Amino acid sequence: MSSSSAVRPYPELSIVGVLLGTVQGVIMTASFVYIALKLGFGLGGSTVAAILGFVALRGVLGRKSIVENNINQTVASGINTASSGVVFTLPALMLLSVNDPSLSHFPIGPLIFSAIAGSLMGIVLIIPLRKQMVEFERLKFPSGVAVATLLKSPGEGLSQGMILVGGAVLAAALTLLVNFAVLPEDLDVGHLFSLPPWLPFALYISAANFGAGLLSGKGGLPFALGGILAWWVISPIAVQMGWVPPHAAMPEVQVPDWQAGEIYSQMLRPLGIGMLIGGALAGVVSAFPAVTGAMKSLQAAAKLAREQGASADELSPTVLGGSAVAAVIMLFLSAFFSSDDVGLGTAVLIAIVGSLWLALAGIIVAQATGATDISPLSGLALIAVTLMFFITGGNVTAAVLIGVAVCIATSQCADMMQDLKTGHLVGSRPREQQLAQLLLCWIGPIIAIGVLFLLWEAPGDGTPGFGPQSTACLQETQFCLAAPQAGALQGMIEALQSSDAAVDKYAGGAVLGGALSIFPIGGVAVLVGLAMYLPFSITLAYGFGNVVAMGLERVYGREFIGRKLVPFAAGMIVGEALTQLTWNVVQTGSSLLGGGQ
Amino acid sequence: MKGYAGLLLLLLGIVVAASFGSRNGERHIAYRQASAKVGAGNAVMGLLDEGRALNETLKSEGVDLGALSMEQHLALIESDVRLQTQVQKTTEAIDDLRKWGMQDGDSPQMFVHAAQIERDRIGLPGPRERLSAWFQTAGVGWLVGVVLIVCGALLARLQEREDNAGGAAGTAGRVDFRGTMAETLRRLADIRASIQDLPMDADAASARHAIDQLGDDVLTPLVEGRGQLVARHGLAAFAEYFGPFSAGERNVNRAWSALTDGHSVVARESLDAAVVAFEAAQASFEAVEARG
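Protein sequences, first through last, are from chains A and B. Per my numbering, the first sequence starts with residue 1, numbered consecutively. Per my numbering, the second sequence starts with residue 1001, numbered consecutively.
Just to be clear, a hint being listed does not mean it is correct.
[As the list claims (entries may be wrong)] In silico DSBU-like cross-links for lysine-lysine, where the CA-CA straight-line distance does not exceed 35 Å:
no., chain 1, residue 1, chain 2, residue 2
1, A, Lys140, A, Lys218
2, A, Lys140, B, Lys1002
3, A, Lys564, A, Lys64
4, B, Lys1002, A, Lys218
5, B, Lys1099, B, Lys1089
6, A, Lys296, A, Lys140
The hints are simulated quantities; they were obtained by calculation from the structure and are not laboratory data. From a predicted model like this one, the values you see are computed outputs, not experimental measurements.
Same shape as in the complex, but just chain A (with noise of 0.2 Å):
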């Protein structure tokens, strides 16, 4: 080794990087639960946290590190991963006190146990499946390539640069034109031909959905296939073969569109779900010899490392054995004192079948972030609470506490997964990424329960929140924010109050997703799934992506792809999220002082 000028460190898991990305995180969360509460939906931190992260490590402090700046956008959203996971269930179970006061009395120390226990078992559970997902079945992760292109860029140079930046700007303008409604957020093709809303052509209008899909190129065409199949196959045959009746006394101007709703709702939606259960396990299952593989190769190349005092790529076995134990434990401790309803029995079983529920849910979510970019997060948010309310014979609090811990986990396990991607493309070290998130991950649950519990009761004039305690909401002014995913969530557990669970449909699509696991094409099941689980117009505009790809390098050849489709689609992926948030923030603020709504 020669070197003629004096030799620096090269910073990863600095104190720098980790500060930056706690700092981060934490705004990050406490803004997201409150964006979240207000308009029904969270953000992803990573890409804002690589922007903010490009601008004080490198612009401020001037620290030239691309791997440093991944560790922080690393921790940054590993921590804001429990906002999600926190404001689409825990609201469920406080709107549900209003009406029913025995469940207004739940403890404050077994929610934040199950909250961190699910944001540690999500992590410790996803990463002996890195080499699974990231190395061998090369899952895109378009966000993560897209924090990748963005972490890069400085040697990218300035043609690839400017690339980035016009796929920005165009996803910027594009998300403003839907957002000052000149454009719509769907646009509905259907409707000029006269198809009928079970028949429906409309192509969701979102640069990072069709950033996503040009990233995923051939490899989402499953995806796009199976929506396809779902809306313009089966949706007709039903309403053809009278699957699908309308009453008697319907005006006849509404039934198309009550059929369409519930062929969604009560068809292929919940049959979806069970399709990514089945896919999910089939996968497990057939992955099953390259994860044990894989594990034997961590715990050699461990091993041979301490032998030569070097440190391993990864968290031992060892470590995340432990960890992982841990976890189960603080699942049983925090079903147990969840509620007195709640016996030594009940409480095992809830750990154990909470254990696997989420590590199952984990790997639908990682696989089909992987895939597509998108997270069916709310559906097994659905079934963690179903499960969890049938094994403890109704109780609604100690299911929705563990839901809470299967939602945080979820989110983990895309969020982890989407960043050891990110790392892989730059180089990062595994080991670094996965002993940051690992030690942070108590942080953001904290922080987000904390906040939510401020909004609730909210007492003072001016201040938002969404109790029927808070002075918001008792004077009805714009400060009364909506809480639309936990309504949507309360809704979920007053239908399993009466029944109203598609155990037929989740039973008859899992054997179809196994079924299709067969199929040679890695994680076909889980795709085909998530198309019948989503909205079509979402779908049909990333497979509309799938084509404009695949057409792209037939034309021009895979070096086009590479230099020129991955920058642009990145910078789609990047504008969009950057100019939500931007809006989010300005309509927020604005609403605040008094102008907004």
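Given chain A's structure and the hints, the job is docking chain B onto it.
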């Protein structure tokens, strides 16, 4: 041929199994129909609530609708857009309820109450009943679809096995792991030599370009053709050598990042680590091949 037949069977199977699989039992359908009727009534009730709230708002603005004559009332509706919209929406919704069968003289409350009674009389089937009703209604069709899927998937697997055994022209041996590793190590040696004396913070655009070329020309084609390796060796054996291969690839990416960041020392260390990993992959591949 088997591949196309398999794909066709698979698609047909998905359509048949998912169509039948998504069917609902009769009682469930009847319950949903009755729920739609309740929903229509509830929509009108919601509009009436909105109307009452608007009434209160008008009162707070000094307008008491109850104290107005019919002419004044109509004139107010003409002049107030909020009232106009509310009256129009409510009238249309009540017309809808008439189409649903609400009798003249019945109130929306009575309509909703009757619809709720109809819905509750049907009752939602419990999980066990729902499962058995679904199987009775759709079980055979669903099963046929599942069988078609399995047959299609097995045919596709057979085709894949033949392709990888050299049965189909032009596909066998397309991925050359040995050759790829040799070429990778050769190019890495060149890149390593080119940055041997590179000082810290020096521009290394040519070395980065060489790494990009290595990825595009050599590593990516192997990654994209890895399915052939899985088919040839099985997933467990594939993992033995593809794991080290991926570690090598990651270290090459790390070298690229370090060169971008002007850290030539880490770039050299990363390239050295990449060489070790690729050599380990090569050795594991040979061991797997030797095992047959």
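Going down the list of hints, with the structure as the test:
no. : hint                  : verdict
1   : A/Lys140 / A/Lys218   : 11 Å, holds
2   : A/Lys140 / B/Lys1002  : 29 Å, holds
3   : A/Lys564 / A/Lys64    : 25 Å, holds
4   : B/Lys1002 / A/Lys218  : 21 Å, holds
5   : B/Lys1099 / B/Lys1089 : 15 Å, holds
6   : A/Lys296 / A/Lys140   : 25 Å, holds
Violated hints: none; the structure is consistent with every hint.
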